[in-house]
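Chains as they are written, first to last, in this note's numbering: chain P, 97 to 384; chain A, 97 to 384.
Any given hint might turn out to be false.
Intra- or inter-copy, both count: the list cannot distinguish identical chains.
In silico DMTMM-like links for lysine to aspartate or glutamate, alpha-carbon gap of 25 Å or less [claimed, not checked]: (1) Lys-122 with Glu-221; (2) Lys-364 with Glu-378; (3) Lys-122 with Glu-106; (4) Lys-351 with Asp-371; (5) Lys-375 with Glu-345; (6) Lys-122 with Glu-109; (7) Lys-351 with Glu-379; (8) Lys-132 with Glu-201; (9) Lys-375 with Glu-221; (10) Lys-305 with Asp-347; (11) Lys-243 with Asp-271; (12) Lys-375 with Asp-283; (13) Lys-364 with Glu-314; (14) Lys-351 with Glu-106; (15) Lys-195 with Asp-371.
No wet-lab data here; the hints were simulated from the structure. All values reported here derive from a predicted model rather than from experimental measurement.
2 protein chains.
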Amino acid sequence: MLNPNEWFTEIDEDNHSAFSFKIERKLHEEQTPFQKIEIYRTVGFGNLMVIDGFVMLSARDNFLYHEMMTHPVLYSHPSPSRVWIIGGGDCGSLQEVLKHPEVEEAVQIEIDERVTRLAERFFPELCRANDDPRAQLKFEDGIEWVKRSPPGSVEVIIVDSTDPLGPGEGLFTEDFYRDCLRCLSGDGLLIQQSESPLFHPHILHPMRKAMKSAGFKEVSTLFFPQPVYPSGWWSGTVAAKSGIGHPRERDIANKPFSTRYYNLAIHKAAFAAPDFFLKAVEEQETTG
Amino acid sequence: MLNPNEWFTEIDEDNHSAFSFKIERKLHEEQTPFQKIEIYRTVGFGNLMVIDGFVMLSARDNFLYHEMMTHPVLYSHPSPSRVWIIGGGDCGSLQEVLKHPEVEEAVQIEIDERVTRLAERFFPELCRANDDPRAQLKFEDGIEWVKRSPPGSVEVIIVDSTDPLGPGEGLFTEDFYRDCLRCLSGDGLLIQQSESPLFHPHILHPMRKAMKSAGFKEVSTLFFPQPVYPSGWWSGTVAAKSGIGHPRERDIANKPFSTRYYNLAIHKAAFAAPDFFLKAVEEQETTG
C-alpha cells in the first residue's frame, strides 16, 4: 500500500500506530559514533531529519517546537542574559534564542557534531544565527558540561534532546537536574522537551518528579501541537529555581522579531493543563 | 513495510503524509445510501470508524473532539435549554450535551441512520445517553431541517459533520449558516468542526467568512489536539448571533460530571490563536 521506496514511515511500536511521509529521495545517511542520521527530501514537509529511525524535525513544522521551547521560558525570565542549549544540534532553538536582544551569550552543547554539520547543509534556514558573535557551538556531552560548570553560571537552560534512549537517556535523571539547578543563577529557568502528553505519561510524570526531587521549586508543563511527532501533540516542562514568574507582557507585545505560532495569548494558553493530566499529577503527588 | 492486512492507513493526498493503525481485524463494512462505513478493531486505539476512507473516530481519543465540540459552547451560552446536533451520528456529542442539566431538549439530526446503528453496536460507550428522555434522534438531512424550522427555535447548534465532501458539503455554505442564524434564539451560538489549522486553512478561512457574511456577529475559532485526524491538531469555529460571552465560570467549577480534557483553563486557552492564524484572518478581512 505504502511503497517503502516512496514513503518514509516511523512506526510507534508502543502505540501501534505509524506516521508516513511521501519522499522524493533520501538525501543522506550516515552512522556517527552516536547514532544513525538520515535526511530525506519529502514531498509535503520539505527536508526531514531522522535519527535512529525517529523523526527529529521537518522543515515544514519545526517552528512550533522551536518557538515553544524558547520564547515562553525566555519571556518568563526577567533578564535572560546567558543561555545554554543542551542538545539542539539542528540549531533551530539557538536561532530563536538569539532573536532576544537580552541574550548576551548562547552556548549550544551538542554531543554529536554531525547533527549540526548536516543541519547547516540541509536545514540552512535554522542555522542563520550560527555566526552570531554571541553564539558558541560546543560539541561535547551536556551531562559532563553541567557537572563541571561553576554555580550560577547561566540564567536559562534549554534541554532540546532526543527521546530518553541512546545519548539522550542521562538527560532525564535527577542527577542531571541537580547539576542544572546548581548551574542556574537565582531566578534561573530550565525547559526540557517532555514528549507526548497522551502517549508518554510514563516519561513525563517521572521527569517532573525527578525535577522536584532535584530541588526545583516550581515545575510546570506546557503543551503545543507538533504534527510530525507521535500523537501530533507535544510538551515541554519548565522547572524554576525560585519561581516561573509572569511573562514580560510589554516585551512580548514589542518583540523585535516575528513568530509563526508564539504570541502572548499562546504563551499563557500553553500552560493550561488538560484534566487527565492534572489528575495524574495529583495522583503522583499523593502517592509520592 | 506496513502489511495492509495488519494496518489500516489513511493517506492525506494533499499533504503527502499518512497515518496508520495496527489492526486486529475489520469488524464490519457496509455501503449505505450515503457513504461507505468501515469499523476496525485496532491494537492501540480501540475500535475505529472510517467513512469513505477517512478516519472519523477512535475509542481512544474521541474524548478530545467530543468535549471540545460541546462544553465550550454550552458553558458560553447563558442558558442552553435547546440544542441541535447536525450530523454527529456516533452520538458522542449528544452524550456530552446531555451531561448539562440546563439542557431540556437535544435533537440529533443525522442523515445516515447506519452511522448511529453502528455506533450503538461498536461504540456503546458513546451511546449511553441515547435513551435519555431529553434526546431525540432524527435521521434526515440537516440542511432541510434548518431550512424548514421556525425562527428562534434553538439556543445552540453543533455542526458535527464529516469533511466538506459528500453529504457534508452543504454544511459549509453561507446559505446553511443563514438558516442556522434564523433558527437560533437571540443569544444563540453555533459551533462547527473546522478542520486542521495547519493543513486546511483553505477550508477554515472561507468557512469563517461565510459565517460572517451570513450575519453572525462574532466568529471565533478554538484549537485542540486530535491525534487521529490529519496533522493531529484540529479546530472548531464558534459563531454567535449576538456575542460569544464569557464562560459561566462558577458552573464550570461545579460541573456535575467529569471530563478528561476540558476544564475552565482549557476553555479559555483553546481560543488563543497562533500568530500565523491571526495573520491569515487579518489578510482575509483586508482583502475581503
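Hint by hint, here is what the structure shows:
no.	hint	result
1	Lys-122 with Glu-221	within (19 Å within a copy, 45 Å between copies)
2	Lys-364 with Glu-378	both (22 Å within a copy, 22 Å between copies)
3	Lys-122 with Glu-106	both (15 Å within a copy, 23 Å between copies)
4	Lys-351 with Asp-371	between (33 Å within a copy, 13 Å between copies)
5	Lys-375 with Glu-345	between (30 Å within a copy, 20 Å between copies)
6	Lys-122 with Glu-109	both (23 Å within a copy, 20 Å between copies)
7	Lys-351 with Glu-379	between (39 Å within a copy, 21 Å between copies)
8	Lys-132 with Glu-201	neither (31 Å within a copy, 59 Å between copies)
9	Lys-375 with Glu-221	between (40 Å within a copy, 22 Å between copies)
10	Lys-305 with Asp-347	neither (32 Å within a copy, 33 Å between copies)
11	Lys-243 with Asp-271	within (9 Å within a copy, 66 Å between copies)
12	Lys-375 with Asp-283	neither (28 Å within a copy, 35 Å between copies)
13	Lys-364 with Glu-314	both (16 Å within a copy, 23 Å between copies)
14	Lys-351 with Glu-106	neither (37 Å within a copy, 41 Å between copies)
15	Lys-195 with Asp-371	between (34 Å within a copy, 17 Å between copies)
Against the hints set out earlier in the document, violations occur for numbers 8, 10, 12, 14.
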